[in-house]
Amino acid sequence: MDVNYQIPRLALLWVLAALLLVILPGMLRLPPLILLLVLGCMGWRLLIFSGRASYPGKLVKALIVFTALPLTVLQFRSQGVGLDAAVCLLILGVVFKLLEMQYKRDIVIVIVLAYVLTMIGFIYSQTIPSGLHALLAVAVITGALVSLNRDNARNNFRDNSRLAAQLVLQSIPLTLALFILVPRIAPLWTMPLPVPSNKTGVTDEMTPGDISSLGRSAELAFRVSFDGEAPSHDRLYWRGLVLDFFDGRTWRRGGSALLDYGMIRRYPSEYRGVRQGEPVDYDVIMEPTQQTWVYGMQLAEVTTGEIVQDRNYSLHTATPITQRLRYQLRSWSAFQTDLELPRALRSRALQMPDEDNNTRSALLARELRAASTDDRDYVARVLSHYREQPFFYTLNPPLLGEASIDEFLFQTREGFCEHYAGSFVYLMRAVGIPARVVVGYHGGEYNPFEDYTMVYQYNAHAWAEVCFEGEGWVRFDPTGAVAPERISQGVEAVFANQPGFMEDSGFSMMRFRDTQWLNTLRLRLDAIDYAWNRWVVSYDQDLQLEFLEDVFGDKARSSLLWALGLSTALIFSIAAFFLLRGGQRQLRDPVTRSYLALAADLAAMGLPRRRGEGPLDYCVRVSAERPELAAAMQTVTRLYVQLCYGEQGVGSEELRQEFRMTLQTLRLRVLSRARRAGLVAVSAFSRLQ
Amino acid sequence: MSLVNAVSFWFSTRVQRWLARNVPAVSIATLHRRNIFILPTSHGLLYVAATTLIFITAINYVLSLAFGLAFLMVSLFILCILHTFRNLQHLTVKGIGGDAVFAGEDASFTVLLQRQPERMHEALELKFPKGLITRADLIEGEQLRVNVYLPTRRRGVLKAPRLLVQTRFPLGLWRAWSMLDLSMRCLVYPTPVSCPLPTAVSNSGVGKGSSTQPGSDDFHGLRNYQLGDSLKQVAWKNLARGQGLKVKQFVDSSDDRFMLDWAMFAGLDAEARLSRLCYWVLKLARSDVDYGLNIPGVVISPGRGDVHRHRLLSALALWQQSQYVERLNPRPSKTGDAV
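Protein chains in written order, with numbering that gives the first Met the number 0: chain Z, 0 to 688; chain A, 0 to 338.
Bound-form chain A, shown alone (with noise of 0.2 Å):
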């Protein structure tokens, strides 16, 4: 197996660099003769397969209109080969980026389709490798904004890989396809993973007074049963549960600066440490509360707002990956590399 593996490997690495000699990265693809593949489907075998039966029918009961009918599936097949060209030709495909998103999440990439007033491009299908087939038909408009969808499995910076578009239309015989580098990226934050706050850390922030005052606004976290406390914030559940009587904690926060630290969660690892920072970005900027950011090499200093919350994440997300960190734009291929 070793032997496929090494060979599979040698031919992807020949077909990348093939690609990526004859079809350039770029932000603004057109579709034309050197760059469009097309190659029959399994259908259009099958009616090859159907041409060939009545060819040698033909030729054994002597039918000259059955000859007829075999040349004229045989000229319908080869006639296909310019309409399904033509479905692809001349489609300007611009990446224009993706939005970032959580580890695990669909990545979207927003394509735009363009197309010259005289074509229409139907039944089109766009999708990266491993990732979902998006369709899309442009018929009406001189352009279509399209999302084609990519799995992630890490935080980072995802760059796109080649996006495959391709059409069988009009008759399903042929594919037409292009694999084009678009030179997209989006911007992978970690998965968040709920967890309670460790209370015990909290107070390492910066700033005037202490993060948690008892309060009745944000849910904290769980603490045993005390005599005097209402009934109101009694976990049933976890009663129900059987784990003992516990007591749902609140924080009221509202004019408090809150300062997430890479201590609070010690005895994870980094990745767990990064995604429940995350969960907690989240959920402090959803509260009305100012929140900063201390991890190693990163400190930000609290604030609110979505740009702040942005960048908090964009810390985590390329936290140790370094050659990215210029990078903070959320939209990095708005600035585009060529034209």
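So here's chain Z without its partners, still in its complex pose (with noise of 0.2 Å):
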């Protein structure tokens, strides 16, 4: 097969255009160096495509290979090899192949690759931006194709970009159809993941200041829908982490690993928890955050399968998230949990600083319990000291210095959720109730246009958790006791004007949510981008059978195949048919057809033509047979062949003219002569026409 000729020159140009565009989404995460190195590839391709250059001797290939792959070991290195080195070697190898691309093996191999790397940028986003710039890579591949594999006229641009996009657009509706149908299956082994980035959101530690930096960022958290109707805004306690061990100024995860992470399940019944009441089903999207837990309201059970509880009832995940994450929860908003404290439990949640210097806290603390019926008459009072005392609730506190509690409590009095929750929880454990911290997020704006609720990084909240005999754990919120309005309307409400609110977000247009059409464009945005992540990023398994299932009821499953097959057939069947139509009806020319009609006409006569009988042969036994009809005939027949077969008779309309007529008169005397016999049909007559 002689497939190795040379490329038409405008398949580089496409081949090069389909490779800049596949490489820009990612060309920030290659190191200046490397993406320096390719881009000059690039260039020298180009260089060699204008004539400008020569193709590279083995002397050049070789030093740049042997420089590129340790510049990009040593650029790399700190990372181990993960994803990102091994995408930088598949871009390296593809821009190399370029400089010695000269035959068409060589510009199929670039292409796939091409195909490739446009997968490959998934890994690192799946917005919609780039689902849409996929497309269009691979509209422009498929061009390259096309301007590969036409060297004609027609390898323009106009034409090839118009043929690539009918193709893949016409491709559409089977890809849709694959998309929906086709079985989802688990991962087959396990990849390395991308480097982790940034870690976002609320952490597992937390110092005065912490979350109130969160304040300043108004990225999105995560977004949820509610089955039914959402709950009331002062009830949307996205609860984190359980923080329980504090060292005098911060609080973070204490325990032993094996409690905290054991799962829930294994453990009896009543430390399960009680609950009661109606559940709310609700569906998350999470953003990425490279941490390891998820948010929901308590008490949650998980219905999804990658999430499990652990046995302060946060929801933890295997693998760090990296990727938009959706699972579902089913919440009790009434319950009770942990009706009897094991005592590893309770000394943790008693567990004060090593070396205490908030002596003045503890004095406070004993005062009011002295004063106090019982635990829940003492929380009280505790609350309503937070509310009577001139506290204020802030997003810029002043710094606290080493005995933050007591500087809190009796100097600055400034604060934010953190101080409230943890100075909340020290008065707590310095009477001896068990109590503890607990992150996460309150609250969130509504979308009414995709009916679902947007939590984001400002929402994050701080609150406490007290455990009382016979009761088990019961949430208290002493911001409440501060700002009851950031309880009831939201941290937006409070902080509108606040210098630093949403300040880390730079130009956004979360600023602009008082211009009314400017607001709604920005809900309108986000439910799309939302109902893109729940309906494409998050279509798996699960999605898939209930999709199904409205549409099959109980037999979804088993007719899942039978549902991709018969779809598959069906839509090619339509494309066929619109592609390949056309009959071959009027594909004869008129004189051939003129021919056969007379062929036809001598048949009815009783002369048929044999098969395989040439015109020629024909013609002498219609001759022999028919006397009287010879001379036109062999007139008839001549004309033919020479139309037909002959140099210049193909195109020639004096011929044609007079093959016409002759055939004319012949096929009426044929017609005569056979109606006299009684052979012919009525309809020989009108073919005639």
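Honestly, the hints are just simulated from the structure, not real lab data. Treat the hints loosely; a few may be bogus.
Here are the simulated lysine-lysine pairs, PhoX-like style, with alpha carbons at most 25 Å apart [claimed, not checked]:
#, chain 1, residue 1, chain 2, residue 2
1, Z, Lys96, Z, Lys60
2, Z, Lys103, A, Lys129
3, Z, Lys103, A, Lys126
4, Z, Lys57, Z, Lys96
5, A, Lys245, A, Lys282
One side only, chain A facing chain Z, incomplete, derived with CB under 7 Å [as the list claims (entries may be wrong)]:
#, residue
6, Ala49
7, Pro169
8, Cys194
Ideal Cβ placement from N, Cα and C applies to all residues, glycine included.
These two chains come separately, so use the hints to put the complex back together.
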């Protein structure tokens, strides 16, 4: 097969454009030196194309490869052999191939690798823009293939792009059917994940100032859609981690890993909590955090497989969340947990710093406890202490020193939720009431366009849980005592005009939430993004079954393959019908058509043309059988042969005219003879027209 | 190896028989569902490998959009079947025939490609087995004449093998092809081999007078230098090669009738004689002389002109190939076998 001939010139430009388009989104991830090399190679290829440079010799090629490889290894040494390094090597391989690409085979390899590079973009981002970018990239790569395979006047930009776009658009129905119906299977083996970027969101440590700094960010944390009506704003406590170890300044996760990470399922049922009332089901799509925990409302039951619940009822994933994650939960708003607190947990919930400088706070706690009748009364007194003393709720609290609790409670009295939650738990523990800090998010913004709630980083919140004998853990939010509108209306209502709020988000659309139409636009855009994530990016086995159950009812699982086969066949047949239709009826040229009509007339007269009999032989036979037709038949045959096979006859109009005339007369004679013989069908007459 | 040969022979006969039954010999063929075959190319397989790679990555990284990309590529691949098929479908191929050639040259068969008004056929490749590829695009005109070449080795009537019409358009992932027997034939003359004309027997021709009188028109051969010969006629090149002093002999045969005879090249085998006779037919045809041919079984009286030359050459080509003698027409397929 002669497939190794030279590349059409235009095809090369298409391939370069496709490659550039494919590499574009990943360019920023490449180290600058490598990027320079990549662009250099592409530029060199362009110079070769325009005839201003020659192909690199063996020595130069070896030199490039042997400098680029160590360079890559050096650049990525700190990160280990990760995906980034592999991608970088792949890109380098493709651009090196460009330099030695002379034959069709080489260019096809480059084109095929361009498809693979398009896919690699999805490992990093699966947003709508990256989806559209990939679609465009596929169209351009297809255009490159088209350009490679046509070498005529139509190999120009317009015709190539039109055909490529046509091909891609025609493929979309089948793509959709396959996307919806091809069974999704679980990963075959674990893959190295991209090197995590910065961790975002609530962390597993809480030092005063940590959460208020999140208030500066208007980035999305997660989106929730409820089955049925959403709970009221003051109940939207998105519980993350439990922080029960205090070192005098920072709250951390304490206790043994075994206790924390042991799945709640393994514990006896009395620890799992008593659920009451109606549960609420909801569906969460979380933005990547690079952390291993997720958020839900207490008390949650996990309905998706990849999430486990630990002894503190926090929810965890097995691996850091590097992609958007979708999970479903069921929560009971009325519940009781840990009616009998195990000793280990109790001691952790009473832990105090080894070197405690907060003497005034401890004294205050003891005074308040002495004045209270019981633990619940004490909690109420502490909350009213916050309410009655001049405490301020602010996003920009003053810095605190060593004895952070004392300084906050008696000097600065300005704080964000972590100050209130931390000091509250301290006051509980100081008098022997088990208590702990919980971090997570509170509230969210409702989006009416797709019926879901958006939770942003500035919704980050910290609150407290107190364990009462016989009641279990009860949530208290000391922030609510200071700023009740924070709980009822949300942080946006409180801080809208405070400096620093959403400050890190730069020129964000969030800043224009007061302008009606811009705000509507923002909500609409987010709704589209949400729908995309919920129905496309998170489309998996469960969603597939859910969708099929809507269509097929109970037999969804068994009808999946049927539906797949049938819809593929149907789409293919429709495409085939539209692409391949058009008959062979008018295919034969008029000359042949009229000659065949004559043969049909003769057949009606009893002289059918035999299979494989040429016009000349037929003419001889007809002339012999019907001498009276011989002369006309010979003229017709001569003209016919000349018109069909002759050198100059093919296009000659006079010959055609003559042929038509003779044939017409001959047929009339044949027909009249046949009619006399009573052999002709009526239709034969009409065929003459 | 003999087993392999036997199997491949068995297979190829089967294929030929199948083709003969399903794609019978015709002089004009329209490509359609029953005579177009389609299979992926090596590039197509590479594409499938890339698609598989993307699919596996999509599974392992749980990338919904990568699934989408893989499915888009699968759809493109499947759709490409239709487009490649469409590029051949409804194309009409008419075998017009081939001009006579000399053995060893490439025989050129003319094929007429016709299209339907609404269809275009791009990047078509036509070739005979072992022949060169002829590329054609049927985009603008309703029809296009193309020549497809086939190397020849032996004189006689060359029956064109099945013509391969194929295309990889638009993406090169599939190859659609058809093997058409257009019953084209062409006449292959013997290979001309130059040689001096042995004067000894050249006089055995019929007609008046001897064929060669020394003259100045046509180069005839070399003879040893004799005193008195013109220096202009000395073959200096031969002298330089150390072959002695020779004189170029020219014949002046303006009003002569010349008979080429089988016996002129005695001592050579039949094919070699035919080749030499062929050379001299061509040579004499260019000169201003009547010439005839006398080979066993065929005697053609002297004459001149293109038709005459063709008669002689045909006689040489078809000598002792009796089954073809009645087909002296240079373009046998012109008569057309069937429509």
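Each hint, compared with the structure:
| no. | hint | result |
| --- | --- | --- |
| 1 | Z:Lys96 to Z:Lys60 | holds, 10 Å |
| 2 | Z:Lys103 to A:Lys129 | holds, 22 Å |
| 3 | Z:Lys103 to A:Lys126 | holds, 20 Å |
| 4 | Z:Lys57 to Z:Lys96 | holds, 13 Å |
| 5 | A:Lys245 to A:Lys282 | holds, 22 Å |
| 6 | Ala49 | holds, 4 Å |
| 7 | Pro169 | holds, 5 Å |
| 8 | Cys194 | violated, 35 Å |
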